[in-house]
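Chains as they are written, first to last, in numbering that gives the first Met the number 0: chain E, 0 to 140; chain F, 0 to 436.
It is worth saying that the hints were derived from the structure and are not from the lab.
Careful: at least some of the hints might be erroneous.
As the list claims (entries may be wrong) - In silico PhoX-like links for lysine-lysine, alpha-carbon gap of 25 Å or less:
no.: 1; chain 1: F; residue 1: K52; chain 2: F; residue 2: K40
no.: 2; chain 1: F; residue 1: K45; chain 2: E; residue 2: K19
no.: 3; chain 1: F; residue 1: K40; chain 2: F; residue 2: K64
no.: 4; chain 1: E; residue 1: K40; chain 2: F; residue 2: K397
no.: 5; chain 1: F; residue 1: K4; chain 2: F; residue 2: K398
no.: 6; chain 1: F; residue 1: K4; chain 2: F; residue 2: K101
no.: 7; chain 1: E; residue 1: K40; chain 2: F; residue 2: K45
no.: 8; chain 1: E; residue 1: K130; chain 2: E; residue 2: K79
no.: 9; chain 1: E; residue 1: K40; chain 2: E; residue 2: K133
no.: 10; chain 1: F; residue 1: K130; chain 2: F; residue 2: K52
no.: 11; chain 1: F; residue 1: K130; chain 2: F; residue 2: K2
no.: 12; chain 1: E; residue 1: K40; chain 2: F; residue 2: K64
no.: 13; chain 1: E; residue 1: K19; chain 2: E; residue 2: K40
no.: 14; chain 1: E; residue 1: K40; chain 2: F; residue 2: K398
no.: 15; chain 1: F; residue 1: K101; chain 2: F; residue 2: K45
Being a predicted model, the structure only gives us computed values, none of them experimental.
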Amino acid sequence: MMLVKQLSVFMENRPGRLYKLTHALGKEGIDFVTLSIADTKDYGIVRFIARDNERAFEILRNEGFTVGITELIGVEVDDKPNALAEVVALMEEADMNIEYLYSFVLTNHNTAKILMRVEDTERAVAMLQQKGIKLLSEKIL
Amino acid sequence: MSKVKDYIYRPEYECMTRSEMENLQSERLRKTVELVYNNCKPYRAKMDACKLKPSDIRSVSDLSKLPFTVKHDLREAYPFGFYSSPQSDIVEIHASSGTTGKLTVVGYTQNDVDVWSEVAARSLAMTGVTKDSIVHVAYGYGLFTGGLGAHYGAQKIGASTVPASAGNTIRQLTLLRDFGATHLCCTPSYAIYLGTEIQKAGMNIEDFSLVGGAFGAEPWTYQMRDELERLLHIDALDIYGLSEISGPGVAMECMQKCGSHVQEDHFIPEIIDPVTLEPLPFGSEGELVFTTITKTGQPLIRYRTRDLCTLSAGTCACGRTTVKMSKVKGRSDDMLIIRGVNVFPSQIEAAIMNVAGVSPHYMIYVDRVNNLDVMEIDIELDGNLSPDRVSDVESIKKKVETEVNSYIGVGAKIKLCESGTIRRSEGKAVRVIDRRS
Numbered sequence: 000m001m002l003v004k005q006l007s008v009f010m011e012n013r014p015g016r017l018y019k020l021t022h023a024l025g026k027e028g029i030d031f032v033t034l035s036i037a038d039t040k041d042y043g044i045v046r047f048i049a050r051d052n053e054r055a056f057e058i059l060r061n062e063g064f065t066v067g068i069t070e071l072i073g074v075e076v077d078d079k080p081n082a083l084a085e086v087v088a089l090m091e092e093a094d095m096n097i098e099y100l101y102s103f104v105l106t107n108h109n110t111a112k113i114l115m116r117v118e119d120t121e122r123a124v125a126m127l128q129q130k131g132i133k134l135l136s137e138k139i140l
Numbered sequence: 000m001s002k003v004k005d006y007i008y009r010p011e012y013e014c015m016t017r018s019e020m021e022n023l024q025s026e027r028l029r030k031t032v033e034l035v036y037n038n039c040k041p042y043r044a045k046m047d048a049c050k051l052k053p054s055d056i057r058s059v060s061d062l063s064k065l066p067f068t069v070k071h072d073l074r075e076a077y078p079f080g081f082y083s084s085p086q087s088d089i090v091e092i093h094a095s096s097g098t099t100g101k102l103t104v105v106g107y108t109q110n111d112v113d114v115w116s117e118v119a120a121r122s123l124a125m126t127g128v129t130k131d132s133i134v135h136v137a138y139g140y141g142l143f144t145g146g147l148g149a150h151y152g153a154q155k156i157g158a159s160t161v162p163a164s165a166g167n168t169i170r171q172l173t174l175l176r177d178f179g180a181t182h183l184c185c186t187p188s189y190a191i192y193l194g195t196e197i198q199k200a201g202m203n204i205e206d207f208s209l210v211g212g213a214f215g216a217e218p219w220t221y222q223m224r225d226e227l228e229r230l231l232h233i234d235a236l237d238i239y240g241l242s243e244i245s246g247p248g249v250a251m252e253c254m255q256k257c258g259s260h261v262q263e264d265h266f267i268p269e270i271i272d273p274v275t276l277e278p279l280p281f282g283s284e285g286e287l288v289f290t291t292i293t294k295t296g297q298p299l300i301r302y303r304t305r306d307l308c309t310l311s312a313g314t315c316a317c318g319r320t321t322v323k324m325s326k327v328k329g330r331s332d333d334m335l336i337i338r339g340v341n342v343f344p345s346q347i348e349a350a351i352m353n354v355a356g357v358s359p360h361y362m363i364y365v366d367r368v369n370n371l372d373v374m375e376i377d378i379e380l381d382g383n384l385s386p387d388r389v390s391d392v393e394s395i396k397k398k399v400e401t402e403v404n405s406y407i408g409v410g411a412k413i414k415l416c417e418s419g420t421i422r423r424s425e426g427k428a429v430r431v432i433d434r435r436s
């Protein structure tokens with residue numbers, strides 16, 4: 000199955016924590032492709048994709064972070080209005096719930112990438128493929 | 000000016016001379032020792048182990064020969080193993096939380112309920128409750144002895160009793176005002192909370208008829224009294240008790256407001272050194288120990304309360320001659336009292352251990368916010384988890400909350416922390432930070 004690996008880190012919501020994470024990776028030369036944070040009052044979940052996810056995972060584990068790897072569905076669309084809506088519409092038609100989603104654009108590309116976690120990944124991938132949507136694998140990033 | 004008229008409910012006991020009291024105590028102690036030796040297996044075993052026979056106990060001066068009883072003993076005998084009367088004579092059962100989630104059970108015969116009503120009535124008389132009074136009881140009714148204890152006392156006097164029980168502040172205030180309650184019984188922190196809510200509810204304290212109240216089930220300071228009296232325009236007195244001994248009314252402050260009179264004709268108080276267990280003279284601070292001498296269901300011999308205080312003798316300006324105990328200054332164990340509920344850190348630990356996804360590293364913080372006790376438990380998320388969705392973390396948090404609440408009967412705010420961030424202690428673990436005083 001074509002899926003994109005993402006790292007998730009549980010983090011208390013207080014000053015200094017995000018620095019500790021980014022610095023731990025930065026000083027080892029790890030480059031971020033994406034990074035987003037789901038925040039609550041007391042804690043957040045930092046989700047990111049690094050150029051080298053395996054090494055990033057190892058570094059964070061050794062530093063004592065609570066870190067896990069999640070597989071997301073990645074979709075490539077043209078970087079133009081309504082492109083995201085079209086993908087979301089397909090999900091809605093198939094009555095598939097999106098748990099979370101974010102998107103980004105890489106420099107020198109005319110396309111936008113959408114990453115999402117859904118309840119039933121297998122079913123969603125099959126549906127999107129059938130509809131001719133271009134799916135990303137980790138390598139394409 | 001004070002509106003409370005302190006009167007002595009039972010002068011024939013409350014104003015006895017020292018020698019009369021000691022004679023009465025000696026006679027009742029002999030009967031009690033006889034009763035427990037012959038009817039309560041754990042006591043017979045304890046006395047046999049010390050090679051003591053009931054006949055060795057002739058007077059109160061022999062009290063220190065007897066072995067102590069601790070909460071653990073009661074738990075070992077859970078639920079009914081400490082009865083000295085047959086089950087058929089037990090008419091009421093109360094229970095308080097124990098150290099590992101097991102309840103400490105107390106069975107009362109009709110005689111014991113009468114004793115309890117009597118001491119509670121004497122206590123309420125100190126805050127001026129008469130048959131013309133309206134007593135609003137906002138302690139919880141149930142296994143906890145607060146509600147029924149105050150209730151029995153007010154009933155014994157013949158006052159109109161309003162069994163409001165705990166919770167629903169607006170309703171409490173409305174009842175207090177509309178029924179013209181003269182007396183309030185609840186925890187001091189809740190009373191202060193009620194006081195601060197009066198204005199917010201758009202009410203005026205001038206429309207209330209309160210004159211006094213008996214407040215207990217948790218330790219409180221003289222500063223809290225000042226605030227409570229200012230807010231509610233009453234005289235606020237401290238009522239002391241514990242279910243193992245009876246319930247509220249074991250001791251009660253008179254209007255002199257310096258120390259609580261122990262109902263010595265029912266409960267003999269001692270102060271011991273909690274380390275050496277040696278009895279200490281009046282005036283020394285130590286652990287309070289009680290021997291019940293009139294109860295028949297579950298009498299207790301030299302029960303260690305774990306409350307630290309001092310005792311003093313002499314005739315009080317109110318006319319009573321019974322021994323007085325100071326305010327409780329602390330505990331000789333790690334028990335916390337949260338909104339009137341006894342909580343042991345070990346119970347919280349046991350609750351946490353039941354939840355998958357958290358580590359056994361935790362810290363308990365207790366604060367007083369707007370005069371209410373608030374507990375927060377910081378606990379580490381298991382470092383091997385890989386939470387990706389907020390709901391993954393929230394479901395663990397919810398499980399901890401539910402488990403803690405069902406173990407200790409009081410809610411706590413749960414804060415999940417990163418693995419390795421709770422301070423590891425070297426030596427004796429510091430698990431509780433109480434920031435209330």
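Do the hints match the structure? See the list:
1. K52(F) - K40(F): holds, 14 Å
2. K45(F) - K19(E): violated, 59 Å
3. K40(F) - K64(F): holds, 19 Å
4. K40(E) - K397(F): Holds, at about 15 Å.
5. K4(F) - K398(F): Violated, because 51 Å separates the two Cα atoms, which is more than 25 Å.
6. K4(F) - K101(F): violated, 42 Å
7. K40(E) - K45(F): The hint is violated at about 54 Å.
8. K130(E) - K79(E): holds, 19 Å
9. K40(E) - K133(E): violated, 37 Å
10. K130(F) - K52(F): violated, 46 Å
11. K130(F) - K2(F): Holds, at about 16 Å.
12. K40(E) - K64(F): violated, 58 Å
13. K19(E) - K40(E): holds, 19 Å
14. K40(E) - K398(F): holds, 18 Å
15. K101(F) - K45(F): holds, 22 Å
Violated hints, in rising order: 2, 5, 6, 7, 9, 10 and 12; the structure is consistent with all others.
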